[in-house]
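Novice: Protein chains in written order, with this note's numbering: chain D, 3 to 195; chain X, 489 to 949.
Just so you know, these hints were derived from the structure itself, not from any lab. Hints should not be assumed to be uniformly reliable.
[Claimed, not checked] Keeping only pairs whose Cα atoms sit at most 27 Å apart, straight-line, the calculated DSS-like set for lysine-lysine is:
hint	chain 1	residue 1	chain 2	residue 2
1	D	Lys35	X	Lys884
2	X	Lys528	X	Lys853
3	X	Lys806	D	Lys35
4	X	Lys507	X	Lys891
5	X	Lys846	D	Lys122
6	X	Lys757	D	Lys35
7	X	Lys558	D	Lys127
8	D	Lys17	X	Lys843
9	X	Lys884	D	Lys17
10	X	Lys759	D	Lys122
11	X	Lys933	X	Lys917
12	X	Lys891	D	Lys34
13	X	Lys806	X	Lys925
14	X	Lys507	X	Lys843
[Unchecked claim] Simulated DEER-style distance windows between Cβ atoms:
hint	chain 1	residue 1	chain 2	residue 2	range
15	D	Lys81	X	Leu764	39 to 49 Å
16	D	Asn186	X	Glu850	54 to 64 Å
17	X	Gly549	D	Asp121	16 to 26 Å
18	X	Asp588	D	Val107	54 to 64 Å
19	D	Asp121	X	Pro589	52 to 62 Å
20	D	Gln82	X	Lys759	50 to 60 Å
21	D	Asp146	X	Glu850	47 to 57 Å
22	D	Asp149	X	Asp895	22 to 32 Å
23	X	Glu929	D	Lys34	36 to 46 Å
No residue lacks a Cβ here, since even glycine has one placed at the ideal position from N, Cα and C.
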Amino acid sequence: MVNDFGLFVTTDTAKCTGCRACEMACFQSHNKKRNSVGRTVGTITTPVTAKLYVTVIETASMPIQCKHCENSPCKAVCKQQAIIRFGHQVIVDENKCIGCKDCLVACPFGAIALLPYYDKGQPVKQVGSTENKVAASKCDLCLDDADGPACVRACPNEALSVSDINEERKKKNIAAAEALAVINAGAPERRQL
Amino acid sequence: MTVIAIDQDLCTGCQECVKVCPNLAIEGVPHKPQTLVEEKCVMCGQCVQKCKSYVSVAEHGFGAYEKVRKARGLPPTVTEPLFAAYNVCHLDEVLKALDDPKVETWVQSAPAVRVGIAEDFGAPLGTLAAGKLAAALRRIGFNKVYDVNYAADVTIMEEGSELIDRVTNKGLLPMFTSCCPAWVKYMELNYPELRHHLSTTKSPQQIQGALVKTYGAKNQKTDPKKIYSVSIMPCTCKQFESSRPEMADSGHRDVDVVITTRELAYLIKLKGIDFLNLPEEKFDLPMGDYTGAAEIFGVTGGVMEAALRTGYELITGKPIPSVDITAVRGPEGYREADIQVGDLTLKVGIVTGLKNVKPVLEALKAGKLDRHFVEVMTCPEGCVTGGGQPKLIVDKDFESAYKSRTDATYVHDKELPIRKSHENPSVKKLYETFLKKPLGEESHKLLHTTYCGDPKHGHGH
Numbered sequence: 003m004v005n006d007f008g009l010f011v012t013t014d015t016a017k018c019t020g021c022r023a024c025e026m027a028c029f030q031s032h033n034k035k036r037n038s039v040g041r042t043v044g045t046i047t048t049p050v051t052a053k054l055y056v057t058v059i060e061t062a063s064m065p066i067q068c069k070h071c072e073n074s075p076c077k078a079v080c081k082q083q084a085i086i087r088f089g090h091q092v093i094v095d096e097n098k099c100i101g102c103k104d105c106l107v108a109c110p111f112g113a114i115a116l117l118p119y120y121d122k123g124q125p126v127k128q129v130g131s132t133e134n135k136v137a138a139s140k141c142d143l144c145l146d147d148a149d150g151p152a153c154v155r156a157c158p159n160e161a162l163s164v165s166d167i168n169e170e171r172k173k174k175n176i177a178a179a180e181a182l183a184v185i186n187a188g189a190p191e192r193r194q195l
Numbered sequence: 489m490t491v492i493a494i495d496q497d498l499c500t501g502c503q504e505c506v507k508v509c510p511n512l513a514i515e516g517v518p519h520k521p522q523t524l525v526e527e528k529c530v531m532c533g534q535c536v537q538k539c540k541s542y543v544s545v546a547e548h549g550f551g552a553y554e555k556v557r558k559a560r561g562l563p564p565t566v567t568e569p570l571f572a573a574y575n576v577c578h579l580d581e582v583l584k585a586l587d588d589p590k591v592e593t594w595v596q597s598a599p600a601v602r603v604g605i606a607e608d609f610g611a612p613l614g615t616l617a618a619g620k621l622a623a624a625l626r627r628i629g630f631n632k633v634y635d636v637n638y639a640a641d642v643t644i645m646e647e648g649s650e651l652i653d654r655v656t657n658k659g660l661l662p663m664f665t666s667c668c669p670a671w672v673k674y675m676e677l678n679y680p681e682l683r684h685h686l687s688t689t690k691s692p693q694q695i696q697g698a699l700v701k702t703y704g705a706k707n708q709k710t711d712p713k714k715i716y717s718v719s720i721m722p723c724t725c726k727q728f729e730s731s732r733p734e735m736a737d738s739g740h741r742d743v744d745v746v747i748t749t750r751e752l753a754y755l756i757k758l759k760g761i762d763f764l765n766l767p768e769e770k771f772d773l774p775m776g777d778y779t780g781a782a783e784i785f786g787v788t789g790g791v792m793e794a795a796l797r798t799g800y801e802l803i804t805g806k807p808i809p810s811v812d813i814t815a816v817r818g819p820e821g822y823r824e825a826d827i828q829v830g831d832l833t834l835k836v837g838i839v840t841g842l843k844n845v846k847p848v849l850e851a852l853k854a855g856k857l858d859r860h861f862v863e864v865m866t867c868p869e870g871c872v873t874g875g876g877q878p879k880l881i882v883d884k885d886f887e888s889a890y891k892s893r894t895d896a897t898y899v900h901d902k903e904l905p906i907r908k909s910h911e912n913p914s915v916k917k918l919y920e921t922f923l924k925k926p927l928g929e930e931s932h933k934l935l936h937t938t939y940c941g942d943p944k945h946g947h948g949h
């Protein structure tokens, strides 16, 4: 079927333990090439910067990550055009980001953080300065990874999945229709009313 | 002495570590920081391997990493993420000894270190780097680059002879291997009444330690008081083993300090050594001379196979038909094999992953365990999967890492010119000139031990 909306990752909170394996996998996936991250933690030479944020509350835990909003407030407020739509996904171009925080203010979920930005194992410097750059960091659905979102694959409890909201809605529609059909079949007098 | 710890400020209470802990030593409720009960911890470090809850800029702020790194005594060159579950690092003690001109630093590394260490420099999982390991240790500045594999060959001479003695003289059977300190600790904690089933032979690390400051010192005309004995292990529990009060039979602390494979990688990076471009070098003689039998101590079934290679020839006086005893290999948690040794059918068992030992011990208690010799290793597939080995970023790499490290171990075994412990020329010389014979007077003094609860053992741990 045709997908008109941005895909995003959802969490089954009954399965999520809050272990942060998704964050480590996210970091690995995005830094294999750029910062030579290998298979073991000993190959990591930069701060770990994930694009999703495991949040633990009294009764549950889950990673909070970008929903790739259709009317993206982050994209709307970004004056640098550092947040763009690529296909149906909302993507940050770290090179254009000036760290103004407008997107952090605009995002109602806190799905964006300002984090250190590294390239070839070294901190990227601010333009015309010796100070280190920071950049908006949020889920890009691992667009560069042929195997799909690394977080989904790494979860030891299979709590994460890529949600196709249209497909989900249709499934719910069918379930609701089936439930109503059962009720109506069992109450023929209702049809006569 | 704290060996394994959980940082309360970092733990998210996911309890993934609880699932891998073999002795239910981690307690707490979901979504709250967990507590490690030291009295129950066997210090295997599998929680350290599993934990993903790291110090993060987003969660803990920009300054947090440095604070935790310093608190854990890690050198400033360490850049890798730091996690809630960790083992206490003793690298600062090694650095102090290396910098002290009055101290002779003698080092030994375990077989599993050479199939793990290169991974932390970006090499493929399970890259064999025995020659580069020797070269790196030399460039770090260790005065003698010896190897625990030498002592593994000695272990086989002692433990193999002990098994033959128990089998032929109606001694207590089955005999269990005793080279895994977390397993020994588990036995002492949970089944003290079965402790006499443990081989009295010390682990290779402690045999090397006891020999370094006696035979080794004599051999190299060095005052044993000057020797600082460093051990590099894939294991977080070996530091505990080395600090057991009784491990001082040389008249000194037999092994002064233990660091893990990961911590050796920190040390190599601290010294600015380009590990992957090092030349292939040899370990020093005589105590760095080793056989293929010693190398396979690093994998599950390896101690058993090494013991069988030697035991077969000592009992029958004939060469073993096949050096590769594949019947004892494999990753299964418990497996049995019956091996024909002359007229004797030797019944052996292999346990890997400490959770799998409980049914075996319960069978023994119920009089239903019909085995002569049982190998037990705590970690999932032996020492190559130890708590101190390079830590994988994602769990889905566990399987391929275990397999490739195991494969590399067997490759190294096959490429070595001698593959049976009793044929190691340096070990032969050790017996001719110093120990005289396995289970002899010197051996009993230096290479055998007692366990918690034994009369001469002294105070408990």
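Novice: The structure should be examined with respect to each hint, and the outcome stated for every one.
Specialist: How the hints compare with the structure:
1. D/Lys35 x X/Lys884: This hinted pair holds, its Cα atoms lying about 20 Å apart.
2. X/Lys528 x X/Lys853: Judged against 27 Å, a Cα distance of about 22 Å means the pair holds.
3. X/Lys806 x D/Lys35: Between X/Lys806 and D/Lys35 the Cα gap is close to 56 Å, so the pair fails against 27 Å, i.e. violated.
4. X/Lys507 x X/Lys891: Roughly 22 Å separates the two Cα atoms, so the pair holds.
5. X/Lys846 x D/Lys122: violated, 49 Å
6. X/Lys757 x D/Lys35: Answer holds: X/Lys757 to D/Lys35 is near 21 Å, not above 27 Å.
7. X/Lys558 x D/Lys127: Given that 27 Å is the threshold and the Cα spacing comes to 26 Å, the pair holds.
8. D/Lys17 x X/Lys843: holds, 24 Å
9. X/Lys884 x D/Lys17: This hinted pair holds, its Cα atoms lying about 18 Å apart.
10. X/Lys759 x D/Lys122: Since the Cα atoms of X/Lys759 and D/Lys122 sit roughly 21 Å apart, the hinted pair holds (cutoff 27 Å).
11. X/Lys933 x X/Lys917: holds, 19 Å
12. X/Lys891 x D/Lys34: With a Cα-Cα distance of about 22 Å, the restraint between X/Lys891 and D/Lys34 holds, given a limit of 27 Å.
13. X/Lys806 x X/Lys925: Holds, at roughly 20 Å.
14. X/Lys507 x X/Lys843: Holds - the C-alpha atoms of X/Lys843 and X/Lys507 are around 11 Å apart, at most 27 Å.
15. D/Lys81 x X/Leu764: 39 to 49 Å: Holds, since D/Lys81 and X/Leu764 (Cβ atoms, about 46 Å apart) stay within the stated range.
16. D/Asn186 x X/Glu850: 54 to 64 Å: 59 Å Cβ-Cβ, so the 54 to 64 Å window holds.
17. X/Gly549 x D/Asp121: 16 to 26 Å: The hint (16 to 26 Å, Cβ to Cβ) holds, given that X/Gly549 and D/Asp121 are roughly 23 Å apart.
18. X/Asp588 x D/Val107: 54 to 64 Å: Given range 54 to 64 Å: holds, Cβ gap about 56 Å.
19. D/Asp121 x X/Pro589: 52 to 62 Å: 43 Å Cβ-Cβ, so the 52 to 62 Å window is violated.
20. D/Gln82 x X/Lys759: 50 to 60 Å: violated, 44 Å
21. D/Asp146 x X/Glu850: 47 to 57 Å: holds, 52 Å
22. D/Asp149 x X/Asp895: 22 to 32 Å: holds, 25 Å
23. X/Glu929 x D/Lys34: 36 to 46 Å: violated, 58 Å
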